[in-house]
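*Asks:* If you want the building blocks of each chain, they are given just below.
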Amino acid sequence: MESSAILAEIPRLRRYARAMLGDRAAADDLVQDTLERAWTRISQWQVGSDLRAWLFSIMHNLRVDQMRRSAIYTQTIDEDDFEVPTRPTQTDTLELKDLETALQHLPDEQREVLLLVALEEMSYTEVAATLGVPVGTVMSRLSRGRERLRLVMDGRLSTTKLRVVR
Amino acid sequence: MNRRPISEDTLHAYVDAALPEVDRTEAEAYIAAHPEAAERVRAYQVQKQALSVLFNPVLDEPLPENLRVLASAPPQAEAGRSARPSLSRWSLERVAAGVVIALVSGAAGWLGHGQYQPAESVARMTLLPRQAAVAHAVFSPDVRRPVEVKAENEDQLVAWLSKRLGTPVRPPKLAALGYELIGGRLLPGNVGPVAQFMYNDVTGQRLTLYVSTENTSNQETAFRFAQEGQINVFYWIDGTFGYALSASIGKDELARIANAVYDQIEHK
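So the sequence lines, in the order shown, correspond to chains H and U.
Heads up: the first sequence begins at 0 in numbering that gives the first Met the number 0, then just goes up one per residue.
Heads up: the second sequence begins at 0 in numbering that gives the first Met the number 0, then just goes up one per residue.
Take these hints with a grain of salt, some might be off.
Coverage of chain H stretches by chain U, computed from C-beta distances (three or more under 8 Å per stretch; other residues unrestricted) [as the list claims (entries may be wrong)]:
#	region
1	5 to 12
2	16 to 30
3	33 to 40
4	103 to 117
5	138 to 146
Source of the hints: derived by calculation from the structure; they are not laboratory data.
Glycine residues also receive a C-beta, built at the ideal position from the N, C-alpha and C atoms.
Next comes chain H alone, as it looks inside the complex (with noise of 0.2 Å):
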């Protein structure tokens, strides 16, 4: 496999590691171990397949295995915490922070597949074939994912922190 076309690809995946884990750092490690599994399943490859598809497919795989044996989640709870959220009396000014934020209140699943459409520009075939589920899959997720963030950035859906162990 032509090296410098491994090289392209790395932007793109940290860039997606990134807004998946929220995390500067857990996200290079997660680039860092999905380049060393690909090199370990090289010959696997199809020369002439889409290079970025199955780099892609081998970090969501990397993830599922992750998330299967994932360390307890710990996280101080502040009282504020509690409090019922207020709906913001603005609507269009969109906080890329908030966003942020938002983003990773949104399950796993759905996450995975607003951020390959919106990041990757992947078609929905391309997504379920990463993401090695059916396209109906794709389209309930990436709906559920759309709406769900647009309720939490409205302020109308809690975002509790209250997630002491999932």
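Model the placement of chain U on the given structure of chain H, informed by the hints.
*Replies:* Just chain U now, kept in the frame of chain H:
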């Protein structure tokens, strides 16, 4: 004009400009006539754009060297990995002697009973720190309702938990080490109730002692150490009791407290 409502899938495909010309025209007309659909389409388009604005800068960041290297060649064995934390989650605390004692007593129990109870208890043993850490993670961050029965009703707490566990249990006194009892609660274990006592120090740092009476093999083990995320756990089995002490504090400090707990239980 009466239009067929467009499907949810069509609406998203419209947002992503993935519709064929003829469908797009139809979708456009529908959306124009339905403010609620228009509002959603607009919101989704803004979302999509905002996600790009938010994360596209990552594309222009210089690549970390370890990733650049990995693009051109398979990883050299272990190289580049050394800086990452070790994957080993388990480490025995009190030197090899402790391990030998545990193994010998385990084997003795197995030979003595002619059953494979120790195998079962080993399985439970590995569950113990995990369960304790989960219980710690769930209850210790709670500012207002960390316990069911508070320390000011310690007599009631002891009577209640002893009754429910079917054997006397009492929270050790850790004030000398700077930890005051907050109270305790009853939790479900594998087959019945277990108890959790919670303490804190003056800084608010919390510590929980998880007490299970579900160990059937009646063995003893040395202290063992486990790390579950940010929570450090020392645990050991003493007869039918399994104890696990959890806190997000350093291993050394936790070991000191675990020793104190162990001593008090021994000298009861």
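*Asks:* Please go over all the hints and tell whether each is borne out by the structure.
*Replies:* To see whether the hints hold, each was checked on the structure:
1. 5 to 12: Answer holds; 5 residues pass the 8 Å Cβ test.
2. 16 to 30: holds (count 5)
3. 33 to 40: holds (count 4)
4. 103 to 117: holds (count 4)
5. 138 to 146: n = 5 at 8 Å, threshold three: holds.
Checked against the numbered hints above, the structure breaks none of them.
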